[in-house]
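Following the hints, complete the assembly by docking chain Y onto the known chain H.
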Amino acid sequence: MNGVPLAAFIGLSLFMFSTGVVGVILRRNPIVIFMCIELMLNAVNLAFIAFARYRFSGIGNESQGAAGQMMVVFIMAVAAAEVAVGLGIIMAIYRLKENIDVDELNLLKG
Amino acid sequence: MTITPELIVFGMLAGMAALSAVGVVAFKNAVRSALCLVFTFFILGFLYFALNAEMLGITQIVVYTGAIMVLFLFVIMLLNLGASHVLEEKSDPKKAVGIAFGVSLAALLASQVVPLLLKFKAPIPTKEFGSPQVIGKVLFTDYVLPFEAVSVLLLLGVVGSVLLAKRRMS
Chain H
1 MNGVPLAAFI GLSLFMFSTG VVGVILRRNP IVIFMCIELM LNAVNLAFIA
51 FARYRFSGIG NESQGAAGQM MVVFIMAVAA AEVAVGLGII MAIYRLKENI
101 DVDELNLLKG
Chain Y
1 MTITPELIVF GMLAGMAALS AVGVVAFKNA VRSALCLVFT FFILGFLYFA
51 LNAEMLGITQ IVVYTGAIMV LFLFVIMLLN LGASHVLEEK SDPKKAVGIA
101 FGVSLAALLA SQVVPLLLKF KAPIPTKEFG SPQVIGKVLF TDYVLPFEAV
151 SVLLLLGVVG SVLLAKRRMS
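Heads up: the sequence lines are chains H and Y, in that order.
Counted from 1, the first sequence has number 51 at position 51 by the numbering used here; the numbering is strictly sequential.
Counted from 1, the second sequence has number 128 at position 128 by the numbering used here; the numbering is strictly sequential.
Keep in mind that the hints were calculated from the coordinates and are not lab data.
Among these hints, one or two may not hold up.
Partner residues aside, some chain Y positions facing chain H, computed with beta carbon under 10 Å [said to hold, decoys possible]:
1) Phe27
2) Ala53
3) Leu71
4) Phe120
Cβ coordinates follow ideal geometry from the N, Cα and C atoms, glycine included.
Here chain Y stands alone, though its shape is the one from the complex:
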């Protein structure tokens, strides 16, 4: 396999994404984990652009690094979980088992899946792949029923989170 410039760019992006994904788990401080997660999502947005899914790359940056991460940081600040003494992570035998489980899961899946996919190269994409026009058209024709279901789900999410987070007036 030859080293192409695209492979180098992908390697850099993937390395940064993988490192900051490990950082999410490894940092003891929840705020640092959240910032690592923002970085991972941002790099994933770039990878979506690299895969010609421009619409989803923009959505990723707006929804995840914009909205969801603000929610996370807001709750961390509100509960004062950033202070490291709040939740001391004990060392217990569960941790070694968990890491061994994760490594074996990754090794098993990779050994089964990755060799089969090595020969697949990307075709030349059609011009409309990943463009907002096509996404919108398909969303409102073939997928209109799931779209409506998602709108109900989001409404329920809003109402439910307001109810849960509201102070009880007694």
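Bound conformation, chain H alone:
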């Protein structure tokens, strides 16, 4: 990808992140909200890898060249744990209330 400027990748990453933010604001289905959070995490991953490739891939220092990719590995692991727990919570709420509309859930209201 020598002919593509870094701005193109970061622009795509920004667009995906904003789409995820809009989805979290707009949608009422908690599973779709989770998907939008995944979208935002992936936008950040793309930005990490793009910066790693454009700024640190030419130098010989391998630990510096791999730093951005390490962040992506850890973000993926955290996202996997988050999805598993989050979907478990949604299942538990569905059992309790038979309704998972986020606008109507007020169990934590004092």
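Just chain Y now, kept in the frame of chain H:
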């Protein structure tokens, strides 16, 4: 700026990723949103390959399009959220505000960041950039402490989700 073949390939991939990202938000049916998300993740895997991060491209396809999306679809099927009458999306003024907020967020960030990055070109990558050998070596030397922390986190995630999803026996 000249139009290079790489730019055309990137434009096609980025266009597909952006369109299906919009589809995730726009489709009323949760199953269609999930399939759009699978497609976005798949295209992102290709973009990682294009950025010479082969190891992460493979991980992306295996972890996201393989594992996480199966989890999503499984829960959608289990809760029968695919039926469109389950959650009718009402039209309310919040939506216009949300879209305006998203557009202004994207415009603000892009206007601040993108012009600075237009001149950056990719250097010739060293042969080991993104290879499994280097990732593994760095993961087990410089990043061994975060690696162990992540393993504890994943174990907690497994135990926690089992506890949450278990039926209460009374």
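Okay, the hints, checked on the actual structure:
Among the interface hints, the one on Phe27 of chain Y holds; its C-beta lies about 9 Å from the nearest C-beta in chain H, closer than the 10 Å criterion. Because the beta carbon of Ala53 of chain Y sits about 5 Å from the nearest beta carbon in chain H, less than 10 Å, this interface hint is met. Given the 10 Å rule on beta carbons, the hint for Leu71 of chain Y holds: about 6 Å separates it from the nearest Cβ of chain H. For Phe120 of chain Y, the shortest C-beta to C-beta distance to chain H is roughly 4 Å, which falls under 10 Å, so the interface hint holds.
Checked against the numbered hints listed earlier, the structure breaks none of them; every hint is satisfied.
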